[in-house]
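Chains as they are written, first to last, in numbering that gives the first Met the number 0: chain A, 0 to 315; chain B, 0 to 315; chain C, 0 to 287; chain D, 0 to 287.
FYI, nobody ran anything at the bench for these hints, they're computed from the structure.
C-beta atoms are modelled at their ideal positions from N, C-alpha and C, and glycine is treated no differently.
Incorrect hints may appear among the rest.
Each computed EDC-like pair below joins lysine to aspartate or glutamate, with the alpha-carbon atoms no more than 20 Å apart [said to hold, decoys possible]: (1) Lys-73(B) - Asp-304(A); (2) Lys-73(B) - Asp-270(D); (3) Lys-73(A) - Asp-270(C); (4) Lys-201(A) - Glu-245(B); (5) Lys-111(C) - Asp-71(C); (6) Lys-269(C) - Asp-304(B); (7) Lys-98(D) - Glu-37(D); (8) Lys-289(A) - Asp-198(B); (9) Lys-111(D) - Asp-114(C); (10) Lys-201(B) - Asp-304(A); (11) Lys-201(B) - Glu-245(A); (12) Lys-269(D) - Asp-304(A); (13) Lys-284(A) - Asp-198(B); (14) Lys-232(A) - Asp-292(A); (15) Lys-76(B) - Asp-270(D); (16) Lys-111(C) - Asp-114(D); (17) Lys-76(A) - Asp-270(C); (18) Lys-289(A) - Asp-276(A); (19) Lys-269(D) - Glu-47(B); (20) Lys-201(A) - Asp-304(B); (21) Lys-182(D) - Glu-172(D); (22) Lys-201(B) - Glu-300(A).
Each pair of labels, with its calculated beta carbon distance range [stated by the list, open to error]: (23) Thr-109(C) - Lys-288(B): 32 to 40 Å; (24) Tyr-77(B) - Thr-109(C): 49 to 57 Å; (25) Lys-301(A) - Ile-313(B): 51 to 59 Å.
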Amino acid sequence: MTDMSVKVGALTLANPVMPASGSFSVDLAKVMDLNRLGALVAKTVSREYRTGNPAPRVAELETGMINSIGLPTKGIKYFQEHQVPEFREFTPPLIASISAEDAEDFANMARDVSVPGVSAIEINISCPTRAPGGGNFALHEDHTYKVVKGIREATDLPIWAKLSPNAGDVTAVAQAAEAAGANALTVANTILGLKINIDSFKPAIGNKFGGISGPGTKPIILRMVYQCSKAVKIPVIGCGGIVKAEDVIEYMLAGATAVQVGYMTFRNPTAMIAMIDGVDAWCEKKGFKKVSDLTGAMIEEKLMDTFTSATMPIGG
Amino acid sequence: MTDMSVKVGALTLANPVMPASGSFSVDLAKVMDLNRLGALVAKTVSREYRTGNPAPRVAELETGMINSIGLPTKGIKYFQEHQVPEFREFTPPLIASISAEDAEDFANMARDVSVPGVSAIEINISCPTRAPGGGNFALHEDHTYKVVKGIREATDLPIWAKLSPNAGDVTAVAQAAEAAGANALTVANTILGLKINIDSFKPAIGNKFGGISGPGTKPIILRMVYQCSKAVKIPVIGCGGIVKAEDVIEYMLAGATAVQVGYMTFRNPTAMIAMIDGVDAWCEKKGFKKVSDLTGAMIEEKLMDTFTSATMPIGG
Amino acid sequence: MAATIFASAPTTPAKPGYCASRADITAEEALLPVLSNEWVNDEYKHMIVQGTPKTLAAVPGQFFNILPPSPDAGDLWLRRPQSIYQVDKANGRLEFLYKCVGRGTNGMATLKPGDNLDVVGPLGKGAFEIPEGAKNIVVLGRGVGLATLAPISQLAKERGIGVTALLSARSPELAMGADLYSKVGTVVKLLDTDGTSGVENVEKVLRQLIAEKKADAFFTCGSARLQALMKKLGKEHDISGQVAMEQVMACGLGPCYVCIRGFETADGHKDLRRVCFDGPVFNLQEAL
Amino acid sequence: MAATIFASAPTTPAKPGYCASRADITAEEALLPVLSNEWVNDEYKHMIVQGTPKTLAAVPGQFFNILPPSPDAGDLWLRRPQSIYQVDKANGRLEFLYKCVGRGTNGMATLKPGDNLDVVGPLGKGAFEIPEGAKNIVVLGRGVGLATLAPISQLAKERGIGVTALLSARSPELAMGADLYSKVGTVVKLLDTDGTSGVENVEKVLRQLIAEKKADAFFTCGSARLQALMKKLGKEHDISGQVAMEQVMACGLGPCYVCIRGFETADGHKDLRRVCFDGPVFNLQEAL
Ligand SMILES: Cc1cc2nc3c(=O)[nH]c(=O)nc-3n(C[C@H](O)[C@H](O)[C@H](O)COP(=O)(O)OP(=O)(O)OC[C@H]3O[C@@H](n4cnc5c(N)ncnc54)[C@H](O)[C@@H]3O)c2cc1C
Ligand SMILES: Cc1cc2nc3c(=O)[nH]c(=O)nc-3n(C[C@H](O)[C@H](O)[C@H](O)COP(=O)(O)OP(=O)(O)OC[C@H]3O[C@@H](n4cnc5c(N)ncnc54)[C@H](O)[C@@H]3O)c2cc1C
Ligand SMILES: Cc1cc2nc3c(=O)[nH]c(=O)nc-3n(C[C@H](O)[C@H](O)[C@H](O)COP(=O)(O)O)c2cc1C
Ligand SMILES: Cc1cc2nc3c(=O)[nH]c(=O)nc-3n(C[C@H](O)[C@H](O)[C@H](O)COP(=O)(O)O)c2cc1C
Ligand code: FES
Ligand code: FES
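Could you build all of it, start to finish, from the sequences and the hints given here?
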């Protein structure tokens with residue numbers, strides 16, 4: 000029995016596996032025991048009702064999927080009155096996710112979502128199809144600092160800043176979020192992409208551009224998790240292309256304290272539970288008593304001289 | 000019989016399919032007729048001999064591969080004296096690829112590589128594992144402008160600037176390259192990534208970070224090709240994750256004038272020829288007389304209102 | 000030996016306490032053994048699989064979200080929704096009737112007896128309901144819509160309710176399900192080849208059925224055109240109706256908001272609903 | 000019907016003029032029908048495939064770059080190099096002997112007669128050469144190194160040259176190829192289980208062979224330790240030697256510079272060479 004608990008700042012989770020915002024709702028209780036999850040992460044909510052983007056909202060890629068849902072929401076009031084109570088029927092901590100188009104509304108949203116039953120707030124400052132000044136603040140460190148600062152002043156709950164993989168300098172953004180008072184970073188949202196249907200000559204999804212998720216993104220986001228975890232002291236939550244227990248382990252070795260799973264829940268809705276069990280079994284086999292010992296455990300050696308490396312046995 | 004020729008600026012290619020730098024040498028004549036290719040693109044060369052990065056230099060990803068070869072080269076002199084004559088035994092135009100660690104050397108390299116037999120120079124200003132000031136100029140528009148400007152003054156040959164997908168604002172970089180005198184853009188080099196071997200706890204490749212190529216990158220690079228081709232007037236050459244004729248078509252619809260193939264040649268060394276034949280057959284079936292009509296032919300309609308879109312038949 | 004590439008929990012609870020705290024776990028991920036998978040005509044296949052207790056609990060109008068094997072060297076990443084065509088509880092079998100239109104359904108077509116069908120389900124509210132007191136119903140389907148309408152027709156038959164099945168198709172060869180539907184009621188074929196599938200003719204047929212008191216409830220699936228027609232006549236004659244709708248899906252369970260359709264209630268209020276969660280069966284008068 | 004997901008040109012030139020202008024096309028992409036694929040012991044399999052004229056032209060030391068099917072739900076993206084174990088020209092067959100160590104080789108192990116093996120080849124210079132005038136050679140291999148050394152041993156036999164085959168392995172069960180090698184020469188098993196595989200013992204055996212004039216040339220593959228030993232004794236006694244080297248590969252043809260190994264020539268000059276292009280067979284005295 001591995002000690003599967005992890006600490007994301009002050010918040011202790013029973014295990015490091017939780018859903019990614021937008022891929023989860025209590026409706027999944029229809030297929031599995033939600034109490035096994037490390038945390039419950041709600042779909043991003045904004046102040047008012049939003050219809051979201053035109054259909055079709057997803058398309059299949061060669062190596063995953065592209066989506067532009069457009070953050071449909073019933074608004075903050077519905078979230079407080081209906082969704083929080085529903086989530087509270089389960090034991091794992093609830094992480095709210097919020098979005099807004101300007102820094103002021105973001106701060107107000109953070110205040111309004113800080114209701115009993117919410118354990119932390121993930122701030123979705125990285126919606127891939129928005130502008131840096133209008134919902135995708137995480138494209139730049141200055142926008143990020145400003146929006147996080149305002150949110151920090153509006154709530155006492157832990158803030159998890161969800162970063163954008165489309166930023167040119169993700170470590171600068173990570174440091175800005177930390178400096179402004181974020182308690183953890185979620186790395187990352189989807190990667191901006193395009194798919195064209197060569198039969199119709201039209202973009203494959205209604206919004207033209209969309210966010211890429213699934214296994215194709217893993218080596219990119221993993222690199223960012225590594226870079227961010229080296230650049231900041233606050234915990235990093237890895238999110239991108241995780242489809243199996245081995246991916247959870249790889250993210251933790253890269254520096255993640257916990258992980259989020261999006262796409263894979265669409266493919267196999269119970270996959271998160273298989274991952275938890277898989278990581279547990281792997282730790283036992285490898286002799287890790289605590290899963291948290293994996294965080295940042297990648298071994299870094301000095302780069303080998305090229306000639307020497309070319310005289311080494313394979314895998315040696 | 001489709002007219003398969005395309006014009007990359009002043010240079011006419013027999014067809015839009017050519018190898019990506021680093022995945023091609025005349026050694027491939029062992030498996031196919033190189034004269035069928037649109038162009039021959041040489042491996043990047045620098046001034047002096049370079050050993051390159053430590054082994055292992057590649058690893059397999061869930062959706063492609065990661066590499067850090069580190070631009071090994073026998074140097075410019077060897078290129079001029081041995082490689083250019085070898086390439087000249089084949090009919091397609093030769094595109095040299097050069098790299099340097101500062102703008103001055105880059106300009107000198109451009110001058111020195113402008114020898115008879117070279118039809119254009121691709122400038123590899125986007126080696127993913129280097130710094131913006133030291134070989135990866137394409138991470139930022141200012142570095143890009145400066146380096147391209149110097150090169151423009153040093154040669155009369157067409158310059159193809161190879162951009163980086165790791166830039167925060169790829170269209171700004173594209174515009175900087177155009178403003179500085181580039182004649183075409185190659186979009187793009189590999190995406191910076193990391194893979195960790197969870198058995199050894201070490202990075203899977205000798206250089207730790209590497210460049211991701213293969214199908215997982217297609218929707219990202221395709222989006223960049225679309226964005227760049229809208230942002231500049233010079234031709235854009237698409238490069239990233241192309242493994243089949245349909246991908247060539249998708250890139251052309253997005254705005255590419257021609258394409259480059261890297262990874263797929265490792266998998267199936269004759270794949271480029273199959274793609275040329277496949278695109279030809281597709282054009283005939285669809286009634287396109289000239290393949291060049293595909294460039295930028297993606298149909299763009301006004302975004303549909305969400306509610307209306309949700310009353311439309313699927314695929315309609 | 001082979002690495003586990005995609006995680007998937009055991010399909011039946013393995014640990015004590017491994018069960019929903021809030022509601023019963025009514026759907027599951029399951030690998031169902033394929034018993035047969037035969038061509039019905041040039042475009043449609045009929046698949047029979049061995050069910051599990053949970054999957055066999057599927058009710059008319061529900062669907063399964065299916066991950067077929069890839070038909071080519073690439074991968075499939077999203078599941079494909081398929082209505083349940085028949086639930087044969089006595090023999091523990093589930094049946095699907097599907098049209099091969101793309102990579103997913105063509106992949107499904109490659110499955111052979113002995114292979115497994117990878118499903119998640121049953122999903123959807125499956126709210127096909129025969130209104131209290133109805134003596135005769137009309138089902139109007141086109142293409143695979145017929146697959147979706149089969150279970151409700153069968154249920155009607157079991158309850159002694161009369162069924163008129165209007166089967167619309169491009170050609171006689173493609174008018175499948177006639178055998179099945181002739182076991183549960185009267186079959187009328189509406190074909191493109193002889194013009195009988197035209198809206199005017201279908202309207203005539205429907206008006207006649209209404210006149211004959213054979214239409215206490217309407218059910219439709221598979222054609223926007225026919226749906227609009229049934230909606231109009233239903234409104235005119237105050238006949239309650241239901242429609243099973245389709246939309247591209249991802250999760251199939253509710254969280255992702257991919258499968259939206261627009262609706263309008265009697266009081267003019269418009270809203271978006273999720274086909275997988277709020278449907279796939281909806282009030283015909285509210286559907287657009 | 001299914002989309003073509005990966006492009007691949009026809010394996011034989013289809014159009015006139017579709018042939019190299021500079022050199023002959025000596026290698027090809029081919030799908031070779033699997034005739035058999037059997038376990039030799041717990042770790043090794045032996046595969047026989049039907050060759051084509053080009054693939055059957057493979058010479059000792061050359062290899063094929065193989066794309067096995069995936070053994071799991073994921074994909075394989077890079078080919079795996081495999082030495083040619085035997086070329087049976089009379090029957091048009093190629094044979095491979097391979098150890099199942101990871102996803103690629105485990106995927107290869109799933110192939111059944113009737114499936115196809117996806118190969119590119121023959122590749123490499125295949126420069127295994129028996130020096131002029133040699134009467135007796137020694138081959139020293141460990142593990143799959145034995146596969147690589149088989150063709151040169153066979154060639155020696157065909158030329159009437161004596162072969163002593165030193166087969167190093169963890170245990171008697173894993174010392175494969177004894178049958179094959181006993182047909183071409185004298186077999187000596189060197190085992191971990193009885194300590195005979197230890198470097199000191201192998202050195203004793205080699206020195207004895209040298210003393211007995213049974214060692215006019217050395218060939219080795221599969222163990223850095225044994226390679227170093229043979230190199231030392233070769234140098235000491237001026238016995239020419241060759242080693243077949245391995246390195247992780249991508250293209251297998253030369254352009255990518257992935258498969259580098261370090262060498263040092265007699266005059267102390269160090270360089271990097273490509274296993275796929277410059278080798279995989281190298282001068283033992285230059286190998287590091
Ligand atoms: C609740 C529900 C129940 C369904 N029941 C059945 C059934 O019983 N039998 C059956 O044959 N089909 C049914 N469908 C349709 C089926 O899901 C699609 O035919 C299938 O997803 C197409 O997958 P593909 O990969 O083969 O085709 P794709 O390559 O994805 O698409 C091929 C063509 O089919 C269209 N298409 C894609 N997805 C759908 C969809 N969800 N609905 C309709 N058209 C689509 C595309 O626009 C395209 O024109 C149902 C759909 C839903 C939503
Ligand atoms: C020129 C050449 C000829 C070869 N001939 C044979 C042969 O005849 N029979 C045979 O069984 N093997 C041979 N090999 C080795 C074979 O290529 C590897 O065993 C194979 O690539 C491993 O693939 P995998 O996916 O099964 O293992 P992976 O999952 O890739 O790796 C599993 C283990 O094998 C090691 N490995 C990976 N690649 C190689 C490699 N190229 N060489 C050695 N170890 C490797 C890894 O470091 C790891 O420890 C040859 C290699 C080369 C370069
Ligand atoms: C259909 C869909 C909807 C999403 N909705 C949201 C959302 O509302 N808020 C958010 O922060 N991220 C959202 N995301 C992004 C995911 O939370 C996650 O960052 C991303 O999918 C990468 O993880 P994955 O590769 O495991 O899917 C969504 C992703 C998908 C695929
Ligand atoms: C092994 C390898 C070596 C490469 N070497 C170079 C190089 O020398 N110069 C360069 O500009 N790009 C180099 N690249 C990048 C490719 O040219 C190309 O931009 C990239 O691989 C994306 O295309 P793909 O997805 O088709 O592989 C290399 C890529 C690979 C995989
Ligand atoms: S498919 Fe996800 S909500 Fe319906
Ligand atoms: S594997 Fe590419 S050069 Fe050897």
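Okay, the hints, checked on the actual structure:
Of the pairs offered as hints, the one joining Lys-73(B) and Asp-304(A) holds, with about 18 Å between alpha carbons and a cut-off of 20 Å not exceeded. With a CA separation close to 11 Å, the supplied pair Lys-73(B) and Asp-270(D) stays within the 20 Å bound. Pair hint Lys-73(A) plus Asp-270(C) holds up; C-alpha atoms about 11 Å apart against a cutoff of 20 Å. The suggested pairing of Lys-201(A) with Glu-245(B) holds, with an alpha-carbon distance near 14 Å, which does not exceed 20 Å.
Of the pairs offered as hints, the one joining Lys-111(C) and Asp-71(C) holds, with about 16 Å between alpha carbons and a cut-off of 20 Å not exceeded. The straight-line distance between the Cα atoms of Lys-269(C) and Asp-304(B) is roughly 13 Å, inside the 20 Å bound, and the hint therefore holds. With a CA separation close to 12 Å, the supplied pair Lys-98(D) and Glu-37(D) stays within the 20 Å bound. With a CA separation close to 17 Å, the supplied pair Lys-289(A) and Asp-198(B) stays within the 20 Å bound.
Straight-line distance between C-alpha atoms of Lys-111(D) and Asp-114(C) comes to about 17 Å, which keeps the hinted pair within the 20 Å bound. For the hint linking Lys-201(B) to Asp-304(A), the alpha-carbon distance of about 16 Å falls within 20 Å, and the restraint holds. Pair hint Lys-201(B) plus Glu-245(A) holds up; C-alpha atoms about 14 Å apart against a cutoff of 20 Å. For the hint pairing Lys-269(D) with Asp-304(A), the CA-to-CA distance comes to about 13 Å; that is within 20 Å, so the pair holds.
At roughly 12 Å between alpha-carbon atoms, Lys-284(A) and Asp-198(B) fall within 20 Å of each other, so this suggested pair holds. With a C-alpha separation of about 16 Å, the suggested pair Lys-232(A) and Asp-292(A) falls inside the 20 Å cut-off, and the hint holds. A C-alpha spacing of about 18 Å is found between Lys-76(B) and Asp-270(D), which places the hinted pair at or below 20 Å, so the restraint holds. The straight-line distance between the Cα atoms of Lys-111(C) and Asp-114(D) is roughly 17 Å, inside the 20 Å bound, and the hint therefore holds.
The straight-line distance between the Cα atoms of Lys-76(A) and Asp-270(C) is roughly 18 Å, inside the 20 Å bound, and the hint therefore holds. The suggested pairing of Lys-289(A) with Asp-276(A) holds, with an alpha-carbon distance near 14 Å, which does not exceed 20 Å. For the proposed pair Lys-269(D) and Glu-47(B), the alpha carbon gap of about 17 Å is at most 20 Å, so the pair holds. With a CA separation close to 16 Å, the supplied pair Lys-201(A) and Asp-304(B) stays within the 20 Å bound.
For the given pair, Lys-182(D) sits about 19 Å from Glu-172(D) by alpha-carbon distance, which is consistent with the 20 Å threshold. Between Lys-201(B) and Glu-300(A), the direct Cα distance comes to roughly 8 Å. Compliance with the 20 Å bound is thereby established for this hinted pair. Separation of Thr-109(C) from Lys-288(B) is about 37 Å and conforms to the stated range, judged on CB atoms against 32 to 40 Å. Roughly 52 Å separates the CB atoms of Tyr-77(B) and Thr-109(C), a value that falls within the hinted 49 to 57 Å.
With their beta carbons about 56 Å apart, Lys-301(A) and Ile-313(B) fall inside the hinted range of 51 to 59 Å.
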